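Participant: Sequence:
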Amino acid sequence: MKVYFSDFFDVDEALIDAYGAFNPSLLNDLPLFIDPFLLYINDDDELRNLHNEVINYVAFLKEQANEKDINSAELQAWFMFPEVRQNWFGYSEVGCGGHGLGKDFADSLNNNLNTIFMDFGDETVTKESHLEKLCLIKDGVGKDTISDFTTNLIKQFLLEYTQKFSAENIDKKYLSAHMVKKVYFDYDKKKWMPKEYILPTYNDDFVLLTPKSILTKDKTWINKADLLSRFDGIVDAMPNHELREKINDYLSKCLPEDYKNSDYKEAIKSTISKYPEYIDYFIKSKEDGYKEARLTSDVKVADIEKLYIENLREIYSQLSKTEFYDMSNETFDELYMKAQLFKDVIESRGGYKLVFTNQSKITKEAELRLLIKLVFLAQVKHKYQLNLSDRLSFKLASNPVLKQSIGKKLKEEEGLDDNDKSIFAIVFYSDKEFNRVTNILKDLRASLSKTLFMIDARPSE
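FYI, in the working numbering the residues of the sequence shown are 1 to 461.
Do not take every clue at face value.
DSS-like, lysine-lysine: derived pairs with alpha carbons at most 27 Å apart [said to hold, decoys possible]:
#: 1; residue 1: LYS190; residue 2: LYS217
#: 2; residue 1: LYS103; residue 2: LYS217
#: 3; residue 1: LYS103; residue 2: LYS246
#: 4; residue 1: LYS291; residue 2: LYS306
#: 5; residue 1: LYS373; residue 2: LYS306
#: 6; residue 1: LYS217; residue 2: LYS68
#: 7; residue 1: LYS442; residue 2: LYS343
#: 8; residue 1: LYS284; residue 2: LYS246
#: 9; residue 1: LYS195; residue 2: LYS172
Just so you know, the hints here were simulated from the structure itself, not pulled from any lab data. Bear in mind that the values here come from a model prediction, so they are computed numbers and not experimental data.
Take the sequences, apply the hints, and build the full model.
Facilitator: Written as structure tokens, this is what we have:
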């Protein structure tokens, strides 16, 4: 069964692992992304130098913005980039591909080059400049945006990294020449340049490998959530006594007499806007915690490998012993039978372990949804069978809006034959979760059926 890079290009997964690369699925994006901080702290000199290249490019943009107004052609050429979909990372619902970095990002970066990045390259508090500073201030600029920008700026490395591995380990029949746009920036011409590479090819497009050591999940190490949650500790540790007093005084003035947690959070945001110097001290604390950053990302990448490679392979193995992959996703009866076969693997064949990561049970429904999608997409021959979301839903029993979701399904499908209904499966991990679902069904005066059933993922004693 072809699922991963190693499967499609007939290469030993151990060789990919020894090379330090992640073995991506070519059925759907996996929820990983490149964190520029992991470039900054990398043990590999070549990878660490990539962080300097990212910073140098932003410094170039800042220099151009200082000298003149950036026109629309320059904005498009210098600030706007497509998503590098060929690494098969991200949060795409089907296949690979996202939105890239368009005009909103370009305008945001351009407008902030002389505000947020005013001292870019000349920092006195932090050891180095960090691109992530943009997402700490600007709403709408998150981890995906920062990662996409970083990926584009190190694309030349990723292309050469993949080409080198492919030349040494992959049969030539899987390789093709690709002329790739915006590979490297010529600072003399002030222009992005194309370059040709010989790369592994799937569906007429090239595929990229990425070093595991620069990948993470959920959030970048330097992130907005920590900027706010660690505010008190960062301020208390500031060596600048005068700045610390000003910040505390301003924060007090922003708070109403009987304030709530939400008031305190808004007061922190206002204080940071008034004293953006705080951001540099926050980033410095993140620099100082670099060892934790590396350990955290290693754990997250290992969890993704556990759930979407190791566990998924075992699920495929179990289901391949049944008629699961002899059926399509086209009819209700086929989808129902496939869902029941999956339920049997989890409940009766010790498969409950397969819906756990190294750390814990699946806690995010998007991760469960992706797992199910990869199970059902394997061996699909027709593209129209790829979209299962309107016919097959898997929910976590812990979902806070589960009752509303079930109620909506029951209302929309009232009076319909089973063949016209969607299949709704609820995965529970404990007696408490089982009781919660049971009580929800009782409140809704609903009962379990062919189109509404539970899957028991409680660990066996």
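Participant: Next, verify each hint and record whether it holds.
Facilitator: Hint check:
1. LYS190 with LYS217: Status violated; Cα separation ~34 Å.
2. LYS103 with LYS217: holds (26 Å)
3. LYS103 with LYS246: violated (37 Å)
4. LYS291 with LYS306: holds (23 Å)
5. LYS373 with LYS306: holds (16 Å)
6. LYS217 with LYS68: violated (38 Å)
7. LYS442 with LYS343: holds (23 Å)
8. LYS284 with LYS246: holds (20 Å)
9. LYS195 with LYS172: Holds: LYS195 and LYS172 sit about 20 Å apart, inside 27 Å.
Going down the numbered hints, you'll see the structure goes against 1, 3 and 6, while the others check out.
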